[in-house]
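With the hints as your guide, set chain E onto chain H.
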Amino acid sequence: MSNWFNEKILLGMNCREYISKHATLLNFMALIILCFSFYAMAYRLIYGLGPATNLSDTYPWGFWISFDILAGIALAAPGLTVGTVVYLFGAKDYKHFARPAILSSLLGYIFAVFALMFDLGRYYRVFYVIGWSWGLNSILFLIAWHFFLYIIICLIEWFPAFFEWLGIEKAKNFFSKLGIWATVFGVIIAGGHQSALGGLFLVAPTKIHPLWYSALLPLFFLISALFAGISMVIIESTISHKVFREQLKTFDRADFDNKTLGLAKALVIILFVYLILKVLDLTHYNNWHYLKSEYGYWYLLEVVGFVLAPALVLINSVKNKKVKLVRFTTFWVVTGVILNRFNVSLIAYNWYIPLQEKYYPTWMEIALSLGVVTLIVLFYRFIVRRMSILS
Amino acid sequence: MNRREFFKRTLTIAGSLLIARNSNASDQPLSVYSTQNKANKKNWEKFEELKETNSQIDESYAVLVDITKCIGCRRCEWACNEWNKNPNRPVKEFEASKDETPSVFDRVRRTHAGEFTVVNRFYSKNKPVYVKKQCMHCAEAACLNACFVDAFKKTPQGAVLYNPSLCVGCRYCMIACPFDIPAYEYYNALTPQITKCTMCFDRITDGKIPACVESCTSDALIFGKRSEMLKLAYNTINKNPERYINHVYGEHEAGGTNWFYISQIPFEKLGFPELDKTPIPAHSKSFLFTVKVLEVVAAAPLVWGAYYMISKNRSKKEGKKDE
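Heads up: the protein sequence lines correspond to chains H and E, in order. When you line the first sequence up against my numbering, it's residues 1 to 391, in that order. When you line the second sequence up against my numbering, it's residues 1001 to 1323, in that order.
Calculated from the structure, these hints are not laboratory results. Nothing false has been slipped in among the hints.
Only some residues are given here: those of chain E computed to face chain H with a beta carbon under 10 Å: (1) Gln1028; (2) Arg1110; (3) Val1149; (4) Asp1150; (5) Leu1166; (6) Val1168; (7) Arg1171; (8) Cys1173; (9) Ile1175; (10) Thr1191; (11) Pro1281; (12) Ser1284; (13) Leu1294; (14) Ile1310.
With a Cα cut of at most 25 Å, we get these calculated BS3-like pairs of lysine-lysine: (15) Lys172/H x Lys1312/E; (16) Lys92/H x Lys1312/E; (17) Lys1269/E x Lys358/H; (18) Lys1317/E x Lys92/H; (19) Lys1317/E x Lys95/H; (20) Lys95/H x Lys170/H; (21) Lys1153/E x Lys207/H; (22) Lys1277/E x Lys207/H; (23) Lys1285/E x Lys207/H; (24) Lys1317/E x Lys170/H; (25) Lys1317/E x Lys177/H; (26) Lys92/H x Lys322/H; (27) Lys1316/E x Lys95/H.
Per label pair, the in silico range of CB-to-CB distance: (28) Pro1087/E x Tyr124/H: 25 to 31 Å; (29) Phe1122/E x Leu355/H: 18 to 24 Å; (30) Lys1069/E x Tyr39/H: 52 to 58 Å; (31) Gln356/H x His1247/E: 29 to 35 Å; (32) Gln356/H x Gln1056/E: 48 to 54 Å; (33) His1247/E x Glu357/H: 24 to 30 Å; (34) Ser1315/E x Val279/H: 43 to 49 Å; (35) Gln1036/E x Asn14/H: 50 to 56 Å.
Note that this is a predicted model, so its numbers are computed, not measured. C-beta atoms are modelled at their ideal positions from N, C-alpha and C, and glycine is treated no differently.
Chain H extracted, bound-state conformation:
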């Protein structure tokens, strides 16, 4: 047993070696973030939402929903985008991107739900929505069920790597065969709930600034999740190829750069589809006059500064094959998606109340979320080092 543990969990080292090898500055920083985060979690559980957060009756949803759920789930879309293209449309060239993409989706969803538990007043009842009482007219009901199903789907897609690691050949083959069906339903389920996250705000037509409120909100959320997903694939592969070099037996830099440029092309197309719809939306609701206000400038910053501008830079860098610039721009795009989620759910929400009465998070809210992000990174690293995800 201890042999197995040393071999599988500690990568063939003994406990002391393992710990001393991990005593790095980065790991130490992660530990500090986790300490603050766990303190915030405990404080929230013991004293309640009131003392731990700045949530109020005016702002029932705050940083946790905006960041952990709305932004987090959009960024966890790699599985939807790349997983589908590879397994369903047979884009074999991108196979190297598929397993990491699925792993990041799996971890993204699991930890988003984990973070959500702290936002729910009665977290211990969360299973009610699955099997006890159904609010069939609620968009949140659709999201809850889709999250539940999607985590199962990601697990099925990830199991081949997992059972390969455990050395259980039968289970590995079984789940490999199931993989394609999981992918098919994954497309439906992921598309459904990515759009539903935008749909959540359809019920607040009077509360959300007209520039952000639109019947197209679900579509905007879906499309921006697609480009967030592709950007995340590029970001992740860039980082993993630097950090986990030892895992890659055959690494062809030219090929990898070409694939990145291919992804960037898809990214440009989706960004422009989004932009065209945004213009259509402005025209349909005749909202142009709102652009000449403070909220209008903020809106322009989001759409021009974080969608149009990176799209133009991407066109240029694909043309001139500047792979580094592509990698940088994907960070830009992802920042734009996070900004968009905060805009819809916090800044444009209750837009008519004075600025000093608006919500801002407490340090505990931020610390808890940062801790969850750290956990995702640590788990990702843990799994990548042990299972065949990258090769």
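Showing chain E alone in chain H's frame:
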């Protein structure tokens, strides 16, 4: 101890307990800190009890608020707290606030965990106008449809009731409500509830009228059958067309409500949201329908695609064997 002192003292105690609170905390009304709501459970049990006889009720009730008659005595707030066992203070302190400076009326208030109704003061041509705020009891309630565990019910009497034994505490109902009514017990760590006006379901089913209506001494609140209240509203307007604007707020707003307001000045100047006839749930229902249709439609080509991939892989494998 006057009211302000009482406020201050309790807030200092509360404040010292709450290390992480930001500086806004001192501005918060006391009712924010209220926990252990009793009205929810009581009303829900009553609703369960009456489930069978409820089907015989043919028409819902409504309350008509005549804003021109309200004098801002806040007795309705007091009576509401009293009946629903919310934290309360002597009625004199409520009545005094309209003549005080500074006064609770200095800022526009909303409902909170321990406060199901509030009266706000607005000014029209330098004259004060008092507006009571509470749950509107929508015909097609946004909160009810937003709830993912179906914890709200619209009763045949008109009241929208909340079931605390199902609520998970997601607070989506608060996002959905166009009137900003549902409040939350943020200071209860384990068993927080949504709180809001119950239209005194536990009173009207006993043949009484809601506590606030009973306490109103200026005839600003009248309780009765919904159709009769609507008729009364229009009669009042038509008798004094120079005194009222020709608009009964709540007749059509968000698909109609079980509280009506008539007023001398336009409602948007009194903090009412401008809503059209579309019930709020209609916005989400069309989306849910679209998603379901798209998911079903998308399933067919995707399943076909999966079959295609499987058979392609299989024939490839067989091809390899042949070689």
